[in-house]
Amino acid sequence: MSELATNARVVRALGMRSIRQTFRRPQLMAPIVVFPTLLLAIQTGGAGGAVNLPGFPPVQSFLQFMLAGAMMQSLMLAGNSGGIALAVDIEMGFTDRLFSAPIPRYTIVLGRLAGTAALGLFASLWFLAIGLIFGAEIHSGVAGALIAIALVTATAMAVGGIGAAIALRTGSASVVQGLFPLVLVVLFLSSAFFPNDLMIQPAKAIAEYNPLSFVVEGIRGPIITGVDATELGEAVLAIAGIVVLGLVLSVRALRHRLRVG
Amino acid sequence: MESVAALPQWRANLATIAALMARAKNELLRVPGAAIPGVLAPTIFFLGLNGVFGALTQLKGFTTGTYESYIVPVSMLQGAGFTGAAAGVNLARDIEQGWVDRLLVSPAPRWVLLAGTVLAASARALIPATFVFIIALFLGAGWPGIDGLLVTYAMVAAMAAVAACWGSGLALRFKSQSAAPLMQSGMMALVLMTTAYAPLALLQPWMRSVAEVNPVTNVIDAARQGFVGGVSWAETWPGIVALIGLLAVLGAWALREMRRTAV
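Those protein sequences? They're chains A and B, same order as listed. So the first sequence is numbered by the working numbering: it starts at 1 and just counts up by one. So the second sequence is numbered by the working numbering: it starts at 1 and just counts up by one.
It is worth saying that the hints were derived from the structure and are not from the lab. Fair warning: there could be bad hints in the mix.
What the hints assert, rightly or not - Which residues of chain A face chain B? A partial, calculated answer using Cβ under 10 Å:
no.: 1; residue: 17
no.: 2; residue: 46
no.: 3; residue: 180
no.: 4; residue: 181
no.: 5; residue: 194
Stated by the list, open to error - Using C-beta positions, here's what the derived DEER-type ranges look like:
no.: 6; chain 1: A; residue 1: 240; chain 2: B; residue 2: 245; range: 53 to 63 Å
no.: 7; chain 1: A; residue 1: 240; chain 2: B; residue 2: 36; range: 25 to 35 Å
no.: 8; chain 1: B; residue 1: 178; chain 2: A; residue 2: 175; range: 53 to 63 Å
no.: 9; chain 1: B; residue 1: 150; chain 2: A; residue 2: 226; range: 29 to 39 Å
no.: 10; chain 1: A; residue 1: 57; chain 2: B; residue 2: 212; range: 29 to 39 Å
no.: 11; chain 1: A; residue 1: 5; chain 2: B; residue 2: 175; range: 44 to 54 Å
no.: 12; chain 1: B; residue 1: 178; chain 2: A; residue 2: 60; range: 49 to 59 Å
no.: 13; chain 1: A; residue 1: 226; chain 2: B; residue 2: 147; range: 24 to 34 Å
no.: 14; chain 1: A; residue 1: 92; chain 2: B; residue 2: 232; range: 54 to 64 Å
no.: 15; chain 1: A; residue 1: 226; chain 2: B; residue 2: 23; range: 27 to 37 Å
no.: 16; chain 1: A; residue 1: 258; chain 2: B; residue 2: 150; range: 56 to 66 Å
no.: 17; chain 1: A; residue 1: 135; chain 2: B; residue 2: 15; range: 54 to 64 Å
no.: 18; chain 1: B; residue 1: 233; chain 2: A; residue 2: 175; range: 20 to 30 Å
no.: 19; chain 1: B; residue 1: 230; chain 2: A; residue 2: 53; range: 25 to 35 Å
To be verified - Here are some chain B residues the structure puts well away from chain A; computed CB gaps all over 12 Å:
no.: 20; residue: 23
no.: 21; residue: 41
no.: 22; residue: 67
no.: 23; residue: 102
no.: 24; residue: 154
no.: 25; residue: 181
no.: 26; residue: 215
no.: 27; residue: 228
Think of the CB as a built atom: it goes at the ideal place given N, C-alpha and C, for glycine as much as any other residue.
Could you put together the complete structure from these sequences and hints?
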């Protein structure tokens with residue numbers, strides 16, 4: 001078997017372990033599915049009248065508008081949960097055992113990220129299903145849905161890279177868990193839950209430059225209006241930026257972890 | 001110092017409750033970082049909801065001028081919900097670590113053990129509530145008046161007790177911190193599936209139906225009245241009745257779980 005195929009098997013095995021771990025622990029699963037679903041229901045039911053505000057983009061319903069925000073919240077928390085799980089592995093000594101195994105170190109991080117990406121894929125399917133069940137239309141049809149799924153999956157992997165880097169750097173599950181409020185801050189300061197033009201300052205100004213806003217608009221576009229090449233390009237660029245950041249931080253953190261043990 | 005065993009029963013019970021509350025206070029003083037998420041979460045929700053949904057006040061039928069005033073009591077009650085749920089998580093941790101077993105073999109009645117946890121949560125909920133309130137005042141929320149503030153704080157303390165009963169019941173039922181998401185999401189749904197975001201008339205039909213039967217809607221309306229208008233008995237008593245009802249039901253359930261918990 002070639003080295004590449006062997007490494008792919010390692011990544012697959014670690015990715016599967018990561019997914020099973022998440023589905024078996026309610027503490028890890030709840031932030032990815034339960035909380036975003038609950039918040040989607042609450043915000044749709046509580047602030048649904050917002051579609052009547054002057055300046056609100058034309059949408060079929062507030063649920064249709066909110067789907068991208070719910071997916072975004074879910075994938076961000078999937079990245080955070082992935083980081084927590086990796087930190088728990090470090091605390092329990094499992095990562096040390098992997099470090100001593102005859103496998104490239106990058107496969108350890110990549111395995112975790114593959115698991116996070118799979119959870120992102122699950123989240124996108126979950127929320128698209130919820131949207132369809134409760135009457136939201138996907139404006140661009142199957143092609144639009146596939147674009148949204150691809151963007152959510154890629155962003156989950158990108159965000160997971162940052163979570164993994166923090167876990168490797170600190171080796172502490174409680175520190176990574178402490179980032180949970182920060183995830184909410186970053187989300188609220190983006191256009192995940194409301195159109196940027198209707199937000200209140202200073203949230204509006206910050207959301208305008210928040211990379212997550214570009215990603216959200218890229219996911220939302222195919223759902224509410226149609227695929228826009230510019231929006232899609234900006235989303236891909238924003239995801240690439242997060243990937244690079246996660247990659248640089250992960251490599252540095254991995255070196256640090258190998259040095260300190 | 002007089003030993004607890006030598007005290008009359010009612011004084012011994014009070015001393016035990018005070019000791020359990022002091023333990024919770026010590027936990028807070030010795031690990032202040034542990035209180036940060038409980039304070040941060042409602043504050044972030046307050047700032048986030050205000051920044052994101054602030055434009056809702058432009059909707060026809062929204063009678064409040066500033067969204068800060070409208071949403072601040074919700075965030076204060078949300079903080080109470082988080083604090084109460086955290087009390088449940090801490091109880092689950094104590095069960096996992098065997099501390100509750102030691103309490104259960106003590107001669108203290110079960111209700112006393114539960115009261116210590118619940119009252120500690122009530123007192124602790126005033127910290128995030130005060131933090132959110134101060135931030136809201138800085139951002140332009142209206143001053144609710146002393147009577148309005150007292151009503152809000154009373155609602156916050158009682159709501160934390162309700163949440164602590166819910167969290168404790170679940171902790172005693174599942175005996176594991178894995179039940180934490182259920183504790184938190186249950187309280188989140190109870191507090192937010194109300195007139196939290198907008199007045200009843202502006203809610204989506206299904207949410208309006210839920211809010212109409214959700215007793216916490218009365219609690220929120222009572223806690224909010226000072227911020228959006230004047231305080232009246234007519235707005236206050238439904239909140240008090242709702243809290244008494246919730247405390248009776250969830251308290252009885254938590255106590256039942258406590259009594260069923262064998263050493």
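Among all the numbered hints in the text so far, which are the ones the structure does not match?
-> Going through the list in order, the structure violates hints 1, 8, 9, 12, 13, 15, 18, 21, 22 and 25 and respects the others.
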